[in-house]
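A.B. asks: Note that this note's numbering gives residue 5 to position 1 of the sequence shown, counting from 1, and the numbers run on in steps of one.
Calculated from the structure, these hints are not laboratory results.
Warning: the hint list may mix true and false statements.
Simulated crosslink set (DMTMM-like; lysine to aspartate or glutamate; CA at most 25 Å straight-line) [as the list claims (entries may be wrong)]:
1) K89 <-> D30
2) K89 <-> D114
3) K89 <-> D21
4) K89 <-> D35
5) K89 <-> D102
6) K89 <-> D42
7) K89 <-> D45
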Amino acid sequence: MSPATLGHTRVTARALDRLIAAVAADALGVDARTVSIDLADSSGRLAVTVRSPLGVVPLTRVTAEPGIVARTGGSLLERAASAQKQIRIRGTELSGSDISTVTVRLTGIDLQREGRVS
């Protein structure tokens with residue numbers, strides 16, 4: 005065995021928590037500071053529970069532009085389901101952990117501010 009293959013790498017629970025929080029924040033369209041993560045063992049695999057608001061466009065924009073819901077990922081439930089999948093896949097890719105389940109608990113909404121109209 006060559007010296008380059010000796011040893012091992014450990015990812016601390018805090019580092020894994022921050023990584024999954026960043027992945028979840030990206031998937032949910034919010035700041036990572038608003039995301040809370042619980043990690044648990046599930047028969048040797050990782051079970052993730054995410055508590056977070058969901059980034060949404062203002063209702064006035066939805067009323068003025070009905071197609072925006074589909075363009076921004078669908079209904080709240082569709083977006084939460086999509087985020088679950090993204091968190092599981094991306095979290096596994098980045099951490100090397102075997103993520104078995106992801107539970108997303110939406111705690112509120114985070115209104116995305118509209119850009120300036122030019």
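A.B. asks: Compare the structure with each hint and give your call.
C.D. replies: Each hint, compared with the structure:
With a C-alpha separation of about 12 Å, the suggested pair K89 and D30 falls inside the 25 Å cut-off, and the hint holds. Our distance criterion of 25 Å between C-alpha atoms is met by K89 and D114, whose separation comes to about 21 Å. The hinted pair formed by K89 and D21 meets the criterion: a straight-line CA distance of about 17 Å does not exceed 25 Å. Proximity of K89 to D35 is assessed by CA-CA distance (about 19 Å); at most 25 Å being required, the pair is judged to hold.
At most 25 Å may separate the alpha-carbon atoms for a hinted pair to count; K89 and D102 meet this at roughly 14 Å. Distance restraint check for K89 and D42: the Cα-Cα separation of roughly 17 Å lies within the 25 Å cut-off, and the hinted pair is therefore satisfied. A hinted pair counts as satisfied when its Cα atoms are at most 25 Å apart, and K89 with D45 qualifies at roughly 19 Å.
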